[in-house]
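Number of protein chains: 2
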Amino acid sequence: MRMKSWVETANGPDTDFPLQNLPYGVFSTGGGAPRCGVAIGDRIVDLAACEQAGLLDADGSFSAPQLNDFMALGRARWAQIREALTALLAEDGNRDTPTVAMADATLHLPIKVTEFTDFYASKNHAFNVGVLFRGPENALPAQWTHMPIGYNGRASSVVVSGTDVIRPMGQLRGDDGPVWSACKRLDLELELGAIVGVPSEMGQRVSVEEAEEMIFGYVLLNDWSARDIQAWEYQPLGPFQAKAFATTISPWVVTQAALEPFRSEGATRDNPLLPYLQEKRPGLYDIDLAWSLNGQVLARTNYTTMYYSSAQQLAHHTESGCPMRVGDLLGSGTISGPTPDSTGALLEMTQGGKSPIQTDSGERSFLLDGDQVGLHGHAQGDGFRIGFGPCLGTILPAKE
Amino acid sequence: MRMKSWVETANGPDTDFPLQNLPYGVFSTGGGAPRCGVAIGDRIVDLAACEQAGLLDADGSFSAPQLNDFMALGRARWAQIREALTALLAEDGNRDTPTVAMADATLHLPIKVTEFTDFYASKNHAFNVGVLFRGPENALPAQWTHMPIGYNGRASSVVVSGTDVIRPMGQLRGDDGPVWSACKRLDLELELGAIVGVPSEMGQRVSVEEAEEMIFGYVLLNDWSARDIQAWEYQPLGPFQAKAFATTISPWVVTQAALEPFRSEGATRDNPLLPYLQEKRPGLYDIDLAWSLNGQVLARTNYTTMYYSSAQQLAHHTESGCPMRVGDLLGSGTISGPTPDSTGALLEMTQGGKSPIQTDSGERSFLLDGDQVGLHGHAQGDGFRIGFGPCLGTILPAKE
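Chains as they are written, first to last, in full-length UniProt numbering: chain W, 1 to 400; chain Z, 1 to 400.
Derived from the structure by calculation, the hints contain no laboratory data.
Note that this is a predicted model, so its numbers are computed, not measured.
Heads up, the beta-carbon is just placed ideally off N, CA and C, and yes, glycines get one too.
Check before you lean on any hint, since a few could be wrong.
Quick list of simulated restraints, FRET-style, between CB atoms [stated by the list, open to error]:
| no. | chain 1 | residue 1 | chain 2 | residue 2 | range |
| --- | --- | --- | --- | --- | --- |
| 1 | Z | Arg77 | W | Gly31 | 28 to 34 Å |
| 2 | W | Arg134 | Z | Lys184 | 54 to 60 Å |
| 3 | Z | Asp270 | W | Arg281 | 54 to 60 Å |
| 4 | W | Glu201 | Z | Gly30 | 21 to 27 Å |
| 5 | W | Gly54 | Z | Gln52 | 35 to 41 Å |
| 6 | W | Ser264 | Z | Gln52 | 55 to 61 Å |
| 7 | W | Leu368 | Z | Gln204 | 49 to 55 Å |
| 8 | Z | Lys354 | W | Pro397 | 51 to 57 Å |
| 9 | Z | Leu140 | W | Gly31 | 51 to 57 Å |
Bound-form chain W, shown alone:
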């Protein structure tokens, strides 16, 4: 069943933004103030203007330069606004709804990232990387099949698609002690990011079902990684500067509501999970994912290859009583399939750089200056798709 919009470009089978999607973002036009919007075809609904015109009621939160105020209104209001927007934009809706051409808009970081937590929940990825860092016998940590392993990332360096990424400097392992150098093994990581819209209290443990109710939506997330900095620094307390220089997210937050029809089972479990991590219904979504180098797609995978869902990760995040806040960003972990052409990072695809790949841009072990990486994702419906829009970043030379 396709739903048609009076915005004609929303009705094709290949648009990322049909009427069924309605992802949220933050945009500005002509140097004006950033405000909240929703993508539809090749246009953006100006939610702030809609609110001012009395077409929507979100307590003024759409005039903010990020979605946090709107997310904080809670699930009931999210559903109301989705329903109202669907009515306004449907074929028989209100053609006076204020929109701007996406081509005329600048897209900004859609949320104020309160804190950023990154997980490690693809078994293919965890095994592949584990082999490279610790050898095949220690590849998968003992607790891996029992809990979604996560670590705190850095929120201040989360940027929106299109922001250039400066190759980081750092300490690398050398023959006679460390050397100070530009990163030589710069990598991408293809991930989904879940955005928390409903907070939890300190000391409150949330169930997987409650956690799912806290998630507002999802973005594509590129967790850029400096593999040589990481190898030297990461034991025993985890990655630090190797991942602190930039994390890129897509500008449109695809809501859980839009993804609901694509709910899907994940991988078979090696062992039963402890009760607090058990799901009553499938928690993943059937989302086709890909990443490209300078426009050439080099790998394709699917979100259903993951071992843990974002709801399980969020439940685990609160197991100790850790409070979650509006704007918390949870990276899924690199999403890799079982084969080299389905890996979400060059580290895996090139076997730690030992097997360079041939691309239309030449041979690559890791990323070169000037390379543009794109992440792409959509859930395929019947005659329409729920897309994320691209998540792009270009590597600039290090500032030595």
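Following the hints, put chain Z in place on chain W, whose structure we already have.
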């Protein structure tokens, strides 16, 4: 040289808050709005009221419920306000300066913690813990003497002294796979926290000298740790839920200006540091530290036992281009001397629980429900001391 105040309780040799200190905090009285204050003897200068009365000029930032707005005004304004406060509170100052009795005030979290990063910079602590977790041959990681190892902590669970700490639940290693249990090895960590008051840009690497200029002040910091949760979860990506349930800081931020006379050399270096970490002058302070269990001091140490200063840690934090923000909190890492009675954690003092200690409250390997831990610290001047006030937390039973 002692400086006298018209606030008589500020003039004794044992007060934490003489005229030379003037630490900043946030307080409220009688259920009123939290606002900024400065401790002097047994009283608090009401900075918001001072500003309203025209005695101080801080652009209204003292009426905020945290110090971030004031910190964001920058070093020149910090110096101006310190000079003005010193004049107002000196023996010949203005006795109409609005103050409240500390006994009548509620103290709040002094800053909005933007992000929390914890380091691992005491060689004694790193070695002692390394032996317990990985054995003596792998105790000190190879990069330890070359860089201040750090990891991102969780900001949302940073609480002010006096907040009760609920014993966390979590996954523990069991004989037949993990078990879900209350933490059985609950520990403290005695640390100092440095607070960033001047931000840095993305892609900007700051030198150690520049980093020092970015630090507003210091607090005592108890990085509560669930050692059994930590042991099961922490490889390969570092501590997560084991430290996410609570981190307690003292309510008063002792400024770098007040600590300046106590600047001091640290430990001898095992090897030269890379240039970006080298200090032009000593970056530690001679601060006597102690921790107590139910009022009984169990260990004493000094901040000069550290291998890396907060300025070095902050410089390292920006080496990849990671931007720092007003309100970033940097934990020093556990501060341990070389002997059991100078260790900053029970893990070290009891050899991982194998050698319980006798205390006035009975035998302890780790913390019991009802235990109150206090951190204490001051720099000793000639006839006065620059104190932090206590940093207290009491353990409540787990919510199973």
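Going through the hints against the structure:
In this structure, Arg77 of chain Z and Gly31 of chain W meet the distance hint of 28 to 34 Å, their C-beta atoms being roughly 31 Å apart. At about 28 Å, the CB distance of Arg134 of chain W to Lys184 of chain Z disagrees with the hint of 54 to 60 Å. For the pair Asp270 of chain Z and Arg281 of chain W, the supplied restraint of 54 to 60 Å holds, since their beta-carbon distance comes to about 55 Å. For Glu201 of chain W and Gly30 of chain Z, the Cβ-Cβ distance of about 26 Å falls inside the hinted range of 21 to 27 Å, so the restraint holds.
Taken as a hint, the range 35 to 41 Å holds for the pair Gly54 of chain W and Gln52 of chain Z, whose Cβ atoms sit roughly 40 Å apart. The given range of 55 to 61 Å is respected by Ser264 of chain W and Gln52 of chain Z, whose C-beta atoms sit roughly 59 Å from each other. Remark: the range hint 49 to 55 Å for Leu368 of chain W to Gln204 of chain Z is contradicted by a beta-carbon distance near 24 Å. Look at Lys354 of chain Z against Pro397 of chain W: about 53 Å separates their beta carbons, and that is inside 51 to 57 Å.
Look at Leu140 of chain Z against Gly31 of chain W: about 54 Å separates their beta carbons, and that is inside 51 to 57 Å.
Hint compliance for this structure: hints 2 and 7 are not met, and every other hint is.
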